[in-house]
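Please dock the two separately framed chains into a single complex, following the hints provided.
Going line by line, the protein sequences match chains A and B.
Anchor point for the first sequence: position 90 equals 90 in the numbering used here, and the numbering is continuous, going up by one each time.
Anchor point for the second sequence: position 419 equals 419 in the numbering used here, and the numbering is continuous, going up by one each time.
Mixed in with the good hints, there may be bad ones.
[Claimed, not checked] Quick list of in silico lysine-lysine cross-link-like pairs, DSSO-like style, CA-CA up to 30 Å:
| no. | chain 1 | residue 1 | chain 2 | residue 2 |
| --- | --- | --- | --- | --- |
| 1 | B | K421 | A | K102 |
| 2 | A | K228 | B | K421 |
| 3 | B | K261 | B | K315 |
| 4 | B | K315 | B | K339 |
| 5 | B | K262 | B | K344 |
| 6 | B | K344 | B | K320 |
Think of the hints as simulated: they come from the structure by calculation, not from any bench.
Nothing here was measured: the structure is a model prediction, and the numbers come from that model.
Okay, here's what each chain looks like letter by letter:
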Amino acid sequence: MTEHNDIDHISGRSTTGHEWDGIKELNTPLPRWWILSFYATILWAMGYWVVYPAWPLLSSYTTGVFDYSTRASVVNDLAGLEKLRGEKMAVLGKASLTEIEKDPALLGLARARGRTVFADNCAPCHGSGGAGAKGYPNLNDDDWLWGGSLDQILQTIQFGARSGHAQAHEGQMLAFGRDGILTKTEIVTVANYVRSLSGLTTAAEFDAAAGTRIFAENCAVCHGENAKGNQALGAPNLTDRIWLYGSDEDTLVETISYGRAGIMPAWSGRLDPITVRALAVYVHSLGGGQ
Amino acid sequence: MKPAVNKTVSLDEPVIDEDGPLYAAHRKVYPQSVRGTFRTIKWRLMVVCLGIYYLLPFVRWHRGLGAPDQAVLLDFPNRRFYFFFIELWPQELYYFTGLLVLAAMVLFLMNALGGRIWCGYLCPQTVWTDLFYAVERWVEGDRRERLKAAARQMTAGRAAKCVAKHAIWLMIAWWTGGAWVLYFADAPTLVHDLATFQAPAIAYIWIGILTASTYLLAGYMREQVCVYMCPWPRIQAALTDEWALNVTYKCDRGEQRCSLKKSFDLRARGERVGDCIDCNQCAAVCPTGIDIRNGAQLGCIQCGLCIDACNAVMKKIGRKTGLIGYDNDINIRRRMDGKPELFKPVRPRTLVYAFLITVICAVMVYELLSRTLLDLSVLHDRNPMAVRLSDGSIRNAYTVRLLNRRDFDRVIAIDIDGPPKTSVHVVGADSVTVDRPMIVLAHDTTTELRVLLTAPVDGMAERSMPVRFRVTDLGLGEVASASDHFVLP
Chain A
1 MTEHNDIDHI SGRSTTGHEW DGIKELNTPL PRWWILSFYA TILWAMGYWV VYPAWPLLSS
61 YTTGVFDYST RASVVNDLAG LEKLRGEKMA VLGKASLTEI EKDPALLGLA RARGRTVFAD
121 NCAPCHGSGG AGAKGYPNLN DDDWLWGGSL DQILQTIQFG ARSGHAQAHE GQMLAFGRDG
181 ILTKTEIVTV ANYVRSLSGL TTAAEFDAAA GTRIFAENCA VCHGENAKGN QALGAPNLTD
241 RIWLYGSDED TLVETISYGR AGIMPAWSGR LDPITVRALA VYVHSLGGGQ
Chain B
1 MKPAVNKTVS LDEPVIDEDG PLYAAHRKVY PQSVRGTFRT IKWRLMVVCL GIYYLLPFVR
61 WHRGLGAPDQ AVLLDFPNRR FYFFFIELWP QELYYFTGLL VLAAMVLFLM NALGGRIWCG
121 YLCPQTVWTD LFYAVERWVE GDRRERLKAA ARQMTAGRAA KCVAKHAIWL MIAWWTGGAW
181 VLYFADAPTL VHDLATFQAP AIAYIWIGIL TASTYLLAGY MREQVCVYMC PWPRIQAALT
241 DEWALNVTYK CDRGEQRCSL KKSFDLRARG ERVGDCIDCN QCAAVCPTGI DIRNGAQLGC
301 IQCGLCIDAC NAVMKKIGRK TGLIGYDNDI NIRRRMDGKP ELFKPVRPRT LVYAFLITVI
361 CAVMVYELLS RTLLDLSVLH DRNPMAVRLS DGSIRNAYTV RLLNRRDFDR VIAIDIDGPP
421 KTSVHVVGAD SVTVDRPMIV LAHDTTTELR VLLTAPVDGM AERSMPVRFR VTDLGLGEVA
481 SASDHFVLP
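Chain B on its own, in the form it takes in the complex (with noise of 0.2 Å):
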């Protein structure tokens, strides 16, 4: 390890790691466990996430007869999407872009008021990763005893506790992409074909991928994927405001930096010394093995970890806590100029994101809402696009695609409003009433129909008049409709 660096940090002049390189050699960080708020919360919301991501397959969510009764599953080869009561078609793909777009605005206000909380909590690299850390911790011990262990020679016991470590850490991540799979079929199906090696050659591709991603991402990779592979703190870096709460050390409080013993000396003889007693704590436990005094920097994901190694060695030198804590430089400053503390959750960026996130989550709602269950899509044929027939009447074909998004079959009647005496044919379907033709519409599927309209409109003025087609279901009610045009040769 490094030894502490013993510098003043200054507001004017920000610290860059000026004498590192683009791409520093890996250096093996051995981040030293911590108990403490931000560590139970990331805890609680590792529990939260890896349960939802691991159970979510098995939840099931009965959706009556030849529907599958998983709660969530990407039916590729069925091309249907289910997430609870909603069942999205590939047409209805917008949704996802909607739920992108709101994830993307909910990620800039997290950011806007507590910096990357994201990266910090809920990053699957860092939650993974921070699995991956507790194995190894249970397994190879704390930071001490690994750090011990690497500067030995190897011994039996130890290549032991390495195998070991290695075998839990590939058993979560071979688990982790048989999760990914199950939600692209049903899952205990699935389970039973995988077991007994029934299963589509692409389920063991796929999770043989994740096994290996997840394995090298959060065994080996670690820190160097947030560094130097994630865009987010690039883009973090250019969307953060000087009022966001970042994980900040105090640095008008912790400076001038002194030994406990020291700065009993110093302060007895009426000088001024920082709080911070360079114990290196907070730089022992953090993950990324930064040092969270060198001020705001990329490396830094701001997991709170820091807080709490500086909060329990605060407490223990009967000092006040909070040393390093969510804050931001225009609190350091103000301090230092001897005003009072001041926090702006509220304002003009984030009452931005705050009404674009209502925006997007009101029209998705509304959308999902006033969705249709029966709808239709109508195609002009454009080769010809209209036919005289032997009588002189016009005739127009159009190709018109029916939904019908309910699991039971149904019949419907087609309504035309277009040009005077219009009469519908469909082809092959023998009409009951002559200018109404009823079809059958199967469940959950789509009906392709080739429709024909004549009409007595020969040498009118107009070239193309408005149509539009209605369906409605005879049993339910429901009425779709759409337009197109009918025009003249």
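Just chain A, with the same shape it has in the complex (with noise of 0.2 Å):
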């Protein structure tokens, strides 16, 4: 910087030498160690350009002597946590189910890697908790349509329910109404009776012997004379409270009419097995587990 000698006579201090209509500034230089850390941040800084990727070229950009790259970074962070998650989840590949659930270690671990799993891949139709949703099974009730063991629920999970896949449950509920195999009375005639199974009011007019019948020729091929349901075929438990579709007379006379056939897809091809494994646990231990 320029040295000038003009003196500012009222504080005795040098001035930078400019002057705007008769007022001049002092110069008041900045303390050196706030020069010097301004200077070695610029020597920072060049420093930086050179080691990391910095400035942005034509098509590209200057990439540093390292190549670092945050995302490359990541790709190797998560890499590495793969494997160190691999080993631990190995452990569940090589016990039994039964084993998994009776050591609290195995079972926090199951459940944790079953609970992230549930979130990414069942919540859309089971909800986040298991709850479930009109014509999606609640997973936390002891409900089951294809069973409730550690095993059988393993089995669905792999292969699902009507999806396709080779050694996917199969089962129909036929459609009684559009098919004409029953008419509209008969069909309401054994939705009342089907509601009385499990306790709920019936119709004044509601015929309980043709119910009965009506019943025994046609429905208790699959759920069973005692309307207990199959879990071979699918088939509802029709005597107790939970209601996949609904109770109420209107919703049995469309399941009835159209039957259902809601279709749970297979997971064995698109999880590891060790994670479906971590899953059945998980959902197991939702409260449903039988």
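Have a look at this one:
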């Protein structure tokens, strides 16, 4: 900086030599430590340009001497995480599902893994807490279409129901109305009959004897003589308080008239075997385990 | 050095350093060594404080198998904090809050009684700076020699002394950082690992940070920390009152200042002169480089060294000691008015502080003694809140976290006080008896259980019923309980 010998008479200090309308600026240099810090940051920045990706070019950018990339770093970290997780998770592949559930540490591991996978894959239909929705089973209760033991749940998750997979659960509720098997009156009668099995109120003019007869002839094949259902066919228990599609008369008439065939996808191809096992333990631990 | 300012101190016009800028350029302080009561107190407190700090990590405390046997250990990886017979878990960190509140109250009480006792005797900045000054004095000589040396050209001998001084400073600073990390891991093991360069990098980093900060703060910044960085002088100024005893120059006795020789003449003629002979010893020994005779001021840490210096001079010239001493402005005025001195350590302010300290101590001791070594917390599932089962009964799910603070495994039973005929199921655990699940809790850890309660309460008018989880240690009989609710869909 140019030195000026111009001295301000009032303060006795030197000025910068600039003058505007008779006003002069006192020369008050920045503290040395401040200046040095400032130069240090400049040097730092230059070093940074060399070492790290910094300057945009026309079609790319300067990569820096280490070829550092945040994305590569993240990918690398994730790979490390997966490796770490894989070692821990491998135990879940070896132990039997019952053993996993009996061991608090393994149960915690399986539930932690299962919870995240459930949220990503199952929650859209079954709800984030597995509470289900109309047509999508509640996984917290004790009513299971295809069975609620650990192995049965694993089976269902692996291959699904009516999913097209060779080992998928198969079972069909016929469309008794659409296909002309039953008349409209018969459907209403048997709907009322089914309601009476669960202790629900029935219509005043409901003919119980006719209902019993229609049920025995058409429904008992799958749902059983006592209407308790059949897990091999996915035929629900009609005597309990849980109704997948609803228990009011209109819904039942619709169900009987047109049938129901909800689809559960097969997950064995999409999720790795250990994850599917963790998921089965998680779903079982939701409370519906049988 | 500035020449001694010979101005009369008036109570009505407190002396304010008017021409001082907001930040004065650093003026190096060369405090002189001094002997006396307060110096002795300071030496002893330094030994106690530094002794505790440096040696505490090596004190052993047997806690049984599997638990660390270090008396004071902040075990972050395992989330346990050990203080002799107390083991704290992370959720009990409120004890630290209690300690901090307690520390603040004790500080306030000390301040109300004797001013900046903390600053003068106990503050780490004071203690380490004092230690660094002692080293400086030992290597480079006392105030006079250091001032002389500073004015002269650098010589080889002085350079050697300077290097020696900085080497000792760095050693102390390094040891300070080293002692710090020993509180966070088993001390003997860590010392070995540090020496063989096998310790974790974070240990070396922290030693580096504390070495640097100790060296800079105690070696270079010294009184600048007290004057420009520390908030306590400002807070203290707002907390003090007129009865608090401060290190005070008794201007009523000291003024007019007059040299010893001149005072004899003037007194012989019957004129009144003060006891202060302007020897400037009080300013020479001051570690923050202030002149106490300018009255109470921000830079004064009230270490009492000026009292020692002044008393020594007074004894030498045969005058009464105590020209500088713990006193307050009220007494100065009372003496000027011919009234006797008055000290009031017991007054509403100190009583309130003492009461608060007692209450906080009592609460903390009660909490410590009454805490159980078996505990549980219950969290109700929110999604779904309640589930209807096929037989119409209702089930609620809970996450129950059990804490076993004992250093052995134990068997507990879970009981429920809730809706009638509630059955309990713990996921993953087969109950010995149908309604009373029994679980093994591993030692010194927490266990998370998923507990399902099923009750035949469908159709009940109440939508929510209280439920109490009770866990009983079957061996010791210890019981803990927690409340939640059982809700209907």
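Non-conforming hints, listed in increasing numerical order: Number 5 - this is the single hint that the structure violates.
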